[in-house]
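Novice: From first to last, the protein sequence lines are chains A, B and C.
Here this note's numbering is used: the first residue of the first sequence is 21, the next is one more, and so on.
Here this note's numbering is used: the first residue of the second sequence is 2, the next is one more, and so on.
Here this note's numbering is used: the first residue of the third sequence is 2, the next is one more, and so on.
Keep in mind the hints are simulated off the structure, nothing from the lab.
For every residue, glycine included, the Cβ atom is placed at its ideal position computed from N, Cα and C.
Hints are not guaranteed to be accurate.
[To be verified] Think about it this way: if two alpha-carbon atoms lie no more than 20 Å apart in a straight line, the pair counts; the simulated EDC-like pairs of lysine to aspartate or glutamate are:
(1) B:K66 - B:E101
(2) C:K127 - B:D97
(3) C:K185 - B:D51
(4) C:K127 - B:E92
(5) C:K185 - B:E155
(6) C:K127 - B:D126
(7) B:K140 - B:E120
(8) B:K132 - B:D145
(9) C:K185 - B:E127
(10) B:K66 - B:D97
(11) B:K143 - B:E101
(12) B:K46 - B:D114
(13) B:K132 - B:D97
(14) C:K127 - B:E120
(15) C:K185 - C:D198
(16) B:K132 - C:E241
(17) A:K50 - C:E241
(18) B:K139 - B:E127
(19) C:K127 - B:E127
[Claimed, not checked] Listed next, the stretches of chain B that the computed footprint assigns to chain C, with coverage defined by at least 3 CB atoms under 8 Å from CB atoms of chain C:
(20) 4 to 10
(21) 14 to 20
(22) 29 to 36
(23) 65 to 71
[To be verified] Covered stretches of chain C (chain A as the covering partner; in silico rule of three or more C-beta atoms under 8 Å from a C-beta of chain A):
(24) 52 to 60
(25) 118 to 129
(26) 147 to 154
(27) 186 to 197
(28) 242 to 249
In case you want the letters, here they are:
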Amino acid sequence: MTHLPYILASYGLFAGLAIALTVNATLRLKTARARLALLERPSSRPPGASSSP
Amino acid sequence: MTRKTRRLWLVIACVTCLGAAAALMLQAFSSDIVFFVTPSQVEAKPPPADRTVRLGGMVVAGSVKQEKQGETPVSRFDVTDGQAAVTVRFEGILPDLFREGQSVVAVGTMHKDGFVASEVLAKHDETYMPKEVAEALKKSGKWDPRFGPPPSAESWNTMTAQDAQKTKANPDSPAPAATKP
Amino acid sequence: MTASPSLVARTGSLFHRYANPGRFLRLAARLQPWLTGLALLFTFAGLGWGLFFAPADWQQGDSVRIMYVHVPTAILASSGYAALALCGLLSLVWRHPLADLAAVEIGPVGACITAVCLATGSLWGKPMWGTWWVWDARLTSVLVLFFLYLGHIALIRAFDDPQRGYRAAAILALAGAVDLPIIKFSVQWWNTLHQPDSITLTGAPTMSSSMLWPLGLSMLGISLGFAAIVIARLRAAVMESRVRSLLSNPRRRGDAA
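Produce the complete structure using the sequences and hints provided.
Specialist: Next comes the structure, spelled out in structure tokens:
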């Protein structure tokens, strides 16, 4: 008797989750970076310049 | 003491107290946390016939008898923990891993003439060994899976599949890396 | 106790070096490609080796290949919660701002990993043990860990004032850490259906080296992947919080312009 479906289900589950988490993190990073760039565009100072010593 | 130090000690004290409480609770309930009872425990204090217990132990080599009642296979086997043995009767299909010498957990009730299982679970040990190596160890007579756990991994884990093939082809020569059992 | 304040202060200053969001963002941005690349490399190598080239087990056959997913996720489920507890400590004692953000981001990733661990365990248990689930000490304590993660995720987002959520979740994370030794030692303290650990700190592994290598690789790869995803989410969270503060405080933006 083969247990192939169980093995493939395990690997598939892991791959699906890894892809979902990666895509989610990438999209969030992209959106946040774009919004930050948009907000800070009028300023010529680098981000965080007002708070760093 | 600064406020940070005070907070640190407060956290340490809380975690310690909580840990102690948890340890005491686990200690108190430890007889309920065990997953199965052993044959010697069952023999010493037989559970009432209406109570479902899980009986765990090793299947005694040579004790497995299988027959067919109509369509359902019926099996009888002895389960031992090395001190006592209990005969288990089970109607149904045994799990793939079931074999003589394997650890199993039988779920069922204790009757006068033995244990009647409604479910049999196979328990496997923490040893992971390639098929070829196991074959080679069996061929060379260093280990019989029906009578006990495999020899320690150090004795065979440098053995590759090729070595195993060689030993299998020529069973008289000992396995290269395997030491005496 | 005379030495402890200075030690506490020193530990605090060590962690506070990276509390500065700008410094964290620069460091994390430099670290990110390495983490992601190595994670992909090791995960593909380990899982590919495990799935296609590692030998079948003598009693479990090919089902043993589920181990190369199950064991790394199980270890990460526990170490992710340990990281959560560490964040809780940093948050409660040193009021570290980045630790709170990290706790928010580690929670969901850890919960996902724990869910995969439970699911692959189930998928392994059905063909091998003959059951999807049993209430033995190891399985139950990992299920408790999963619920602790869910509780943490809910609690840290439950308050209008984020600081109160951070405080409550930090306490939960530290209290829940009691479950970690229970998970680790459950297979030794009580008899369970789950087998004892094959790899221990004290003894030699009871596993063929031809299986140990792919397992080690996938463990390394999946751990790095966990770190890479958490770092990416944390970077996004730091940027989002900066966006929020810029939006809610337009004076600063006007200043900058």
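Novice: Now tell me if each hint is right for this structure.
Specialist: Against the structure, the hints:
1. Distance hint between B:K66 and B:E101 is fulfilled; the C-alpha atoms sit about 11 Å from each other, no more than 20 Å.
2. At most 20 Å may separate the alpha-carbon atoms for a hinted pair to count; C:K127 and B:D97 meet this at roughly 10 Å.
3. Simply put, C:K185 and B:D51 have alpha-carbon atoms about 34 Å apart, too far for the 20 Å limit, and the pair is violated.
4. The suggested pairing of C:K127 with B:E92 holds, with an alpha-carbon distance near 19 Å, which does not exceed 20 Å.
5. A threshold of 20 Å between alpha carbons decides the hint, and for C:K185 with B:E155 the separation of about 24 Å lies outside it, so the pair is violated.
6. As the CA atoms of C:K127 and B:D126 are separated by approximately 16 Å, the hinted pair is consistent with the 20 Å bound.
7. Distance check on the hinted pair: B:K140 and B:E120 sit about 33 Å apart at the alpha-carbon level, beyond 20 Å; violated.
8. At most 20 Å may separate the alpha-carbon atoms for a hinted pair to count; B:K132 and B:D145 meet this at roughly 14 Å.
9. Only pairs whose Cα atoms come within 20 Å are accepted, and C:K185 paired with B:E127 is accepted, the gap being roughly 15 Å.
10. Simply put, B:K66 and B:D97 have alpha-carbon atoms about 16 Å apart, close enough for the 20 Å limit, and the pair holds.
11. Of the pairs offered as hints, the one joining B:K143 and B:E101 holds, with about 17 Å between alpha carbons and a cut-off of 20 Å not exceeded.
12. A C-alpha spacing of about 15 Å is found between B:K46 and B:D114, which places the hinted pair at or below 20 Å, so the restraint holds.
13. For the proposed pair B:K132 and B:D97, the alpha carbon gap of about 16 Å is at most 20 Å, so the pair holds.
14. A hinted pair counts as satisfied when its Cα atoms are at most 20 Å apart, and C:K127 with B:E120 qualifies at roughly 13 Å.
15. Only pairs whose Cα atoms come within 20 Å are accepted, and C:K185 paired with C:D198 is accepted, the gap being roughly 9 Å.
16. This hinted pair does not check out: B:K132 and C:E241 have alpha carbons roughly 53 Å apart, beyond 20 Å.
17. The hinted pair formed by A:K50 and C:E241 meets the criterion: a straight-line CA distance of about 11 Å does not exceed 20 Å.
18. Simply put, B:K139 and B:E127 have alpha-carbon atoms about 19 Å apart, close enough for the 20 Å limit, and the pair holds.
19. Straight-line distance between C-alpha atoms of C:K127 and B:E127 comes to about 17 Å, which keeps the hinted pair within the 20 Å bound.
20. Judged by the Cβ-Cβ criterion of 8 Å, the segment 4 to 10 of chain B is covered by chain C as claimed, because 4 of its residues qualify and three suffice.
21. For the segment 14 to 20 of chain B, the stated coverage by chain C is satisfied: 4 residues place a CB nearer than 8 Å to a CB of that chain, which reaches the threshold of 3.
22. A stretch counts as covered by a chain when three or more of its residues have a beta carbon under 8 Å from one of that chain; for the segment 29 to 36 of chain B and chain C the count is 4, and the coverage holds.
23. Using a Cβ-Cβ cut-off of 8 Å, 0 residues of the segment 65 to 71 of chain B lie near chain C, which falls short of the minimum of three, so the contact claim is violated.
24. Counting residues of the segment 52 to 60 of chain C whose CB lies closer than 8 Å to any CB of chain A gives 1, so the stated coverage by that chain is violated, three being the minimum.
25. Using a Cβ-Cβ cut-off of 8 Å, 6 residues of the segment 118 to 129 of chain C lie near chain A, which meets the minimum of three, so the contact claim holds.
26. For the segment 147 to 154 of chain C, the proposed coverage by chain A is not satisfied: 0 residues have a C-beta within less than 8 Å of a C-beta in that chain, short of the threshold of three.
27. With 0 residues having a Cβ less than 8 Å from any Cβ of chain A, the segment 186 to 197 of chain C misses the three-residue criterion, and the hint is violated.
28. Here the segment 242 to 249 of chain C counts 4 residues with a CB under 8 Å from a CB of chain A, which clears the bar of 3, and the coverage holds.
Checked against the numbered hints above, the structure violates hints 3, 5, 7, 16, 23, 24, 26 and 27; every other hint is satisfied.
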